[in-house]
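Please put together the full structure from these sequences, using the hints given.
Chains as they are written, first to last, in UniProt numbering: chain A, 1 to 98; chain B, 1 to 98; chain C, 1 to 98; chain D, 1 to 98; chain E, 1 to 98; chain F, 1 to 98; chain G, 1 to 98; chain H, 1 to 98; chain I, 1 to 98; chain J, 1 to 98.
Every beta carbon over 10 Å from chain H, so not counted as near; a handful from chain I, in silico:
| # | residue |
| --- | --- |
| 1 | P12 |
| 2 | P17 |
| 3 | D22 |
| 4 | Q35 |
| 5 | K37 |
| 6 | E49 |
| 7 | G70 |
| 8 | P72 |
| 9 | Y76 |
| 10 | D78 |
| 11 | L91 |
| 12 | K92 |
Below, a list of computed lysine to aspartate or glutamate pairs in the DMTMM-like style, where the Cα atoms sit at most 25 Å apart:
| # | chain 1 | residue 1 | chain 2 | residue 2 |
| --- | --- | --- | --- | --- |
| 13 | B | K75 | C | D13 |
| 14 | J | K80 | B | D59 |
| 15 | B | K80 | C | D62 |
None of these hints come from the bench; they were simulated from the model.
The model shown is predicted, which means the values in this text are computed figures rather than measured ones.
Note that beta-carbon positions come from the ideal geometry of N, C-alpha and C, so glycine has one too.
Number of protein chains: 10
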Amino acid sequence: MLFLARMDVNFPDSLTPEQTADFQAREKEYSGNLQEKGIMRAIWRVVGEYANYSIFDVDDHDELHTILSGFPMFKYMDVKITPLSKHPNALKYYLHEG
Amino acid sequence: MLFLARMDVNFPDSLTPEQTADFQAREKEYSGNLQEKGIMRAIWRVVGEYANYSIFDVDDHDELHTILSGFPMFKYMDVKITPLSKHPNALKYYLHEG
Amino acid sequence: MLFLARMDVNFPDSLTPEQTADFQAREKEYSGNLQEKGIMRAIWRVVGEYANYSIFDVDDHDELHTILSGFPMFKYMDVKITPLSKHPNALKYYLHEG
Amino acid sequence: MLFLARMDVNFPDSLTPEQTADFQAREKEYSGNLQEKGIMRAIWRVVGEYANYSIFDVDDHDELHTILSGFPMFKYMDVKITPLSKHPNALKYYLHEG
Amino acid sequence: MLFLARMDVNFPDSLTPEQTADFQAREKEYSGNLQEKGIMRAIWRVVGEYANYSIFDVDDHDELHTILSGFPMFKYMDVKITPLSKHPNALKYYLHEG
Amino acid sequence: MLFLARMDVNFPDSLTPEQTADFQAREKEYSGNLQEKGIMRAIWRVVGEYANYSIFDVDDHDELHTILSGFPMFKYMDVKITPLSKHPNALKYYLHEG
Amino acid sequence: MLFLARMDVNFPDSLTPEQTADFQAREKEYSGNLQEKGIMRAIWRVVGEYANYSIFDVDDHDELHTILSGFPMFKYMDVKITPLSKHPNALKYYLHEG
Amino acid sequence: MLFLARMDVNFPDSLTPEQTADFQAREKEYSGNLQEKGIMRAIWRVVGEYANYSIFDVDDHDELHTILSGFPMFKYMDVKITPLSKHPNALKYYLHEG
Amino acid sequence: MLFLARMDVNFPDSLTPEQTADFQAREKEYSGNLQEKGIMRAIWRVVGEYANYSIFDVDDHDELHTILSGFPMFKYMDVKITPLSKHPNALKYYLHEG
Amino acid sequence: MLFLARMDVNFPDSLTPEQTADFQAREKEYSGNLQEKGIMRAIWRVVGEYANYSIFDVDDHDELHTILSGFPMFKYMDVKITPLSKHPNALKYYLHEG
Numbered sequence: 001m002l003f004l005a006r007m008d009v010n011f012p013d014s015l016t017p018e019q020t021a022d023f024q025a026r027e028k029e030y031s032g033n034l035q036e037k038g039i040m041r042a043i044w045r046v047v048g049e050y051a052n053y054s055i056f057d058v059d060d061h062d063e064l065h066t067i068l069s070g071f072p073m074f075k076y077m078d079v080k081i082t083p084l085s086k087h088p089n090a091l092k093y094y095l096h097e098g
Numbered sequence: 001m002l003f004l005a006r007m008d009v010n011f012p013d014s015l016t017p018e019q020t021a022d023f024q025a026r027e028k029e030y031s032g033n034l035q036e037k038g039i040m041r042a043i044w045r046v047v048g049e050y051a052n053y054s055i056f057d058v059d060d061h062d063e064l065h066t067i068l069s070g071f072p073m074f075k076y077m078d079v080k081i082t083p084l085s086k087h088p089n090a091l092k093y094y095l096h097e098g
Numbered sequence: 001m002l003f004l005a006r007m008d009v010n011f012p013d014s015l016t017p018e019q020t021a022d023f024q025a026r027e028k029e030y031s032g033n034l035q036e037k038g039i040m041r042a043i044w045r046v047v048g049e050y051a052n053y054s055i056f057d058v059d060d061h062d063e064l065h066t067i068l069s070g071f072p073m074f075k076y077m078d079v080k081i082t083p084l085s086k087h088p089n090a091l092k093y094y095l096h097e098g
Numbered sequence: 001m002l003f004l005a006r007m008d009v010n011f012p013d014s015l016t017p018e019q020t021a022d023f024q025a026r027e028k029e030y031s032g033n034l035q036e037k038g039i040m041r042a043i044w045r046v047v048g049e050y051a052n053y054s055i056f057d058v059d060d061h062d063e064l065h066t067i068l069s070g071f072p073m074f075k076y077m078d079v080k081i082t083p084l085s086k087h088p089n090a091l092k093y094y095l096h097e098g
Numbered sequence: 001m002l003f004l005a006r007m008d009v010n011f012p013d014s015l016t017p018e019q020t021a022d023f024q025a026r027e028k029e030y031s032g033n034l035q036e037k038g039i040m041r042a043i044w045r046v047v048g049e050y051a052n053y054s055i056f057d058v059d060d061h062d063e064l065h066t067i068l069s070g071f072p073m074f075k076y077m078d079v080k081i082t083p084l085s086k087h088p089n090a091l092k093y094y095l096h097e098g
Numbered sequence: 001m002l003f004l005a006r007m008d009v010n011f012p013d014s015l016t017p018e019q020t021a022d023f024q025a026r027e028k029e030y031s032g033n034l035q036e037k038g039i040m041r042a043i044w045r046v047v048g049e050y051a052n053y054s055i056f057d058v059d060d061h062d063e064l065h066t067i068l069s070g071f072p073m074f075k076y077m078d079v080k081i082t083p084l085s086k087h088p089n090a091l092k093y094y095l096h097e098g
Numbered sequence: 001m002l003f004l005a006r007m008d009v010n011f012p013d014s015l016t017p018e019q020t021a022d023f024q025a026r027e028k029e030y031s032g033n034l035q036e037k038g039i040m041r042a043i044w045r046v047v048g049e050y051a052n053y054s055i056f057d058v059d060d061h062d063e064l065h066t067i068l069s070g071f072p073m074f075k076y077m078d079v080k081i082t083p084l085s086k087h088p089n090a091l092k093y094y095l096h097e098g
Numbered sequence: 001m002l003f004l005a006r007m008d009v010n011f012p013d014s015l016t017p018e019q020t021a022d023f024q025a026r027e028k029e030y031s032g033n034l035q036e037k038g039i040m041r042a043i044w045r046v047v048g049e050y051a052n053y054s055i056f057d058v059d060d061h062d063e064l065h066t067i068l069s070g071f072p073m074f075k076y077m078d079v080k081i082t083p084l085s086k087h088p089n090a091l092k093y094y095l096h097e098g
Numbered sequence: 001m002l003f004l005a006r007m008d009v010n011f012p013d014s015l016t017p018e019q020t021a022d023f024q025a026r027e028k029e030y031s032g033n034l035q036e037k038g039i040m041r042a043i044w045r046v047v048g049e050y051a052n053y054s055i056f057d058v059d060d061h062d063e064l065h066t067i068l069s070g071f072p073m074f075k076y077m078d079v080k081i082t083p084l085s086k087h088p089n090a091l092k093y094y095l096h097e098g
Numbered sequence: 001m002l003f004l005a006r007m008d009v010n011f012p013d014s015l016t017p018e019q020t021a022d023f024q025a026r027e028k029e030y031s032g033n034l035q036e037k038g039i040m041r042a043i044w045r046v047v048g049e050y051a052n053y054s055i056f057d058v059d060d061h062d063e064l065h066t067i068l069s070g071f072p073m074f075k076y077m078d079v080k081i082t083p084l085s086k087h088p089n090a091l092k093y094y095l096h097e098g
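So, in C-alpha cells, the structure goes:
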C-alpha cells in the first residue's frame, strides 16, 4: 500500500556541524537501503525548505512506523502520513506496481 | 521540472447527478491525455477524501497553469502546488527521468 | 490494519427533513453491515457535534477508500484518516486481534 | 464514560538518552496499570509520529485529570481530550461495556 | 461533572425573520428548562458575537449529547465541549456543588 | 463586568522542581486572594492540560490587566480574555450578581 | 473602558444592490450616532478589505453587546473584540480621556 | 498615513531581570519620543497579554520600517502591520488630522 | 510606496458564464489602466489558483483603498495587503524607481 | 520562470552580535551576486518584520533549491515558495523579460 509522507527537519541550534553531518550521513544510508528494497518508492526535496515528500510502499502500519521511527533524524523530524489509493483516472497504479 | 499538486474537489450541492457525471467523464479524459503525454507523471486518490495528489512534469509555469486551469472541474477545485527538486538521498530522480 | 477516522457531517440547508432522514437510515444500515463484517471495529459520537470517531480494520487502501466513499452521506462528510499501529505500551492490539 | 485522548510527546533536546529511557520505562509501567484496571481501554501509536490515540473509561473529570497529569511524561506531552458517547449507528457501546 | 461549551450560531440567510424568531423562542424555553433543572449551570453571551459560553453539569456523555443535540438551533450551531475539573487553587468547586 | 480567561501554562525546562513549586505556591496564594475578594468568581482545570478557564468580575480594564499581569506565573502563561455579557436566555446573571 | 473591534462584512450574493445600499445607509447613520455620543471613539477602513477597526468606549459589557448587535449589518458581520487598557509607555490614555 | 500595529513581546527565559528592565526602560523612552513627534499616535495594552495595539502616522514605508526595527525590543517582538484608511462612515479621520 | 497584494477570486456558482466573462473583461480593462498609470507596477498569476500577486505603488492609503475597492470583481475577491520597503540588501528599489 | 519567495528570519538568542553581523554581511554579498546575475529579480523588506518577499527567475527547481539553501542564513530562515506565471491581464511579463 502506498503512503505519502511529508517530513520537515528541524535541527536544534545546539548540534555541532559534525553531529549534523553524521546524522545526515546515516540518514542517507538508511534512505538508500529503503529505496533499494522498494520500500521507499520515491523521495523529492521540497524546493526552498529542509523538507521532503516521499512515497512508501508497505503493507503494514506497524512495519511502516518501525521504518519511519527508525530514521536516524526521526527525533528532529515532523512527519505527516497520508494514505494513498489508486485514482479512478489513473492509467496505472503509479509507483505501486513494480 | 516536477510539481506536487494537491487537488480538493468541492462540488456545489446545486449540480445534478448528470452534470456531476459529465464533469467527471471529461476530467477523466483530460487527465488520461496528460498522463499519456508524460505531463501528469502520477496521480493517487487521498484515502477517504474527494482529493488527489498528483505529480506534474512541466518545464514552464505558464504551461503548467494553462494545464491546471484547463481541468474541466477547475472551478470546483482547490489546488495547491509544491515545486519539487531531486533529493540528495534519492538514488534516482523519481518520475522525472523517463 | 487499523485506521482512525474522524467524520464531520454538514448537511446543506436545502435538504428536506425527509431527504435527511432517508440519508440517515441508509447510513445506519451501511454502517451496521460494516460493523457486522468486522470492517468497522468501533464508532462513537463526538459529544456535542454532528461527528464521529470510528476505527476501521482494512488491509488495503483501495478497499478502505471504496468503503468510505460508499457511505451514503459521503458527499456531505469531511473525513480525515489517521493510520494506527500497535503502541509499544499496549497490553494487546486493541480492536485489531479478533 | 469514554474519552478519546490524543497525546503528542515533545522531549526537549536537553534530556540525556538515559533520562529519556527512564521516562519511557515509567510511562510504560503507568500505562500498563491503567490498562489492567480497565481505565485505559485502548492505546494505539499514530503512524510516523511520537503520538498516541487512547481511550479512557472514567466516570469523573477530576479522576481523569489526576490520571492524565499523573503520566510520568505529562510535562512533555500535549494532550487533547474529546468526550465520546454511544453512536446511534453503533451495534454496541464499543470498549465501554466490559 | 462540569463541561464548558462554546456555541456559535450561524443562521443561513434563507431563513425568514419569523422562522428565526420561532427558533429563538423555542431555544429560550429549552435553555430555561435546563437551567431550572440545574443541568445548565450558567450561560453568558460572548460580547459582539452570536455565540455563548455555557457550563453544563451532567454525569454522562450520552445524556450530555442528547441535551446538546436537542437544542432547537443545534443544526445551525457549531458546538465545542471542554471537560472541566476542580482546579487545585479553587476555594470551592464553582457551579458544581449545588 | 465578567471576563472569561483561558490560561495555558508553559514552564521552560530550565526551571528546577523547587522553582516550579515556589511559583505554584505563590500562584495559589495570589489566586486565593482574588477569589476571596470576589474578583475571581470561578476557576476550573481544563481536563488533561496544564490550563484553566476562570471568570473575573472587574469593572475596569486597567485593573484587570494589573490583576492578570500580577500572577506570579504570568511570564509563563498564554492568556486569552473574552468579554462576557448577560445572555438573553439566562435566568440570572451567573456569577455576576453576588 | 476601551475595546478594539475588528469587523469583517460578508454580504451574501443573494442581496440586491438596493438592499445592500439600504443596509449601508442605515449602518452609516447608526455609526454616526455612536461617534457623536463618544461611544465609538474612532473607526478606520482596513485597506483592501470590506472590514474596519474601531475603538469603543463603553463601561459595561451588556451595553457594548447591545450596541454591537444593534448594527444594521450585524447579521453579516464577523466581529472580534479585544479589551484595551492604558499602556505603561503611553503619554496619555489615547481616545479615552475626553 | 495610518498603520495599526499589533506587537507581541516574547522575552527568552535566558534574560536576567536586569536585562529585561533595561530593555523596557529604553523601549519606554523610545516610545515616548515617537509619541511626542506625533509618529506614534496612540498605544494601548492588550488586556492580559504582553502585547500592544498602536497607531503610527508615517508617510513612507522605509521610514516606518526604520522606526519599527529601531525599537530596542524589536528582536523579541512579533509585529504585524495593517494599513488603515479613512472609513466612509467616520465623522473625522481619527488620530490622523492633528 | 510599494504594497504587495494577494487577491483570491471566489465567484459564486450562481453567476452565469456571461456574467463571469463580463466581470473579467471589465477587470482586465481596469487592471490595464492601473498598469499604464504606473499604479499597478506588476501582476502575476499564482500557478494553479484563481489568484494573483500584484505590486501597487501608491502614496496614500485612501487612494489605495479606492483603487482596490474599485476593481469590478472586488466583491468576489479576498484581498490581503502587505506594505513593502526597500530591503537593505537590494541593489535598487525594485519596481519603485521608475 | 518566476518564483515568489517569502523568507522569515529567526535568529536564535544564542548567537552573539558578532555572529549575527557576520551572517548578515555574507547574506548581503550572496544576495548581491544573485541580483547581478539576474537570478534574484527583486527583493523587498516586509515592513515591521525580519522578513522579505523576493522574486527569483530560475529555469530549474534543482538550481533554485541550491540557490535558496545556499543562503548563509538558510538554517535560520523559514522559506515559502510560490510559482508565478504571466497574468492574463498583465501588459508585460513583469521582471521576467529583461
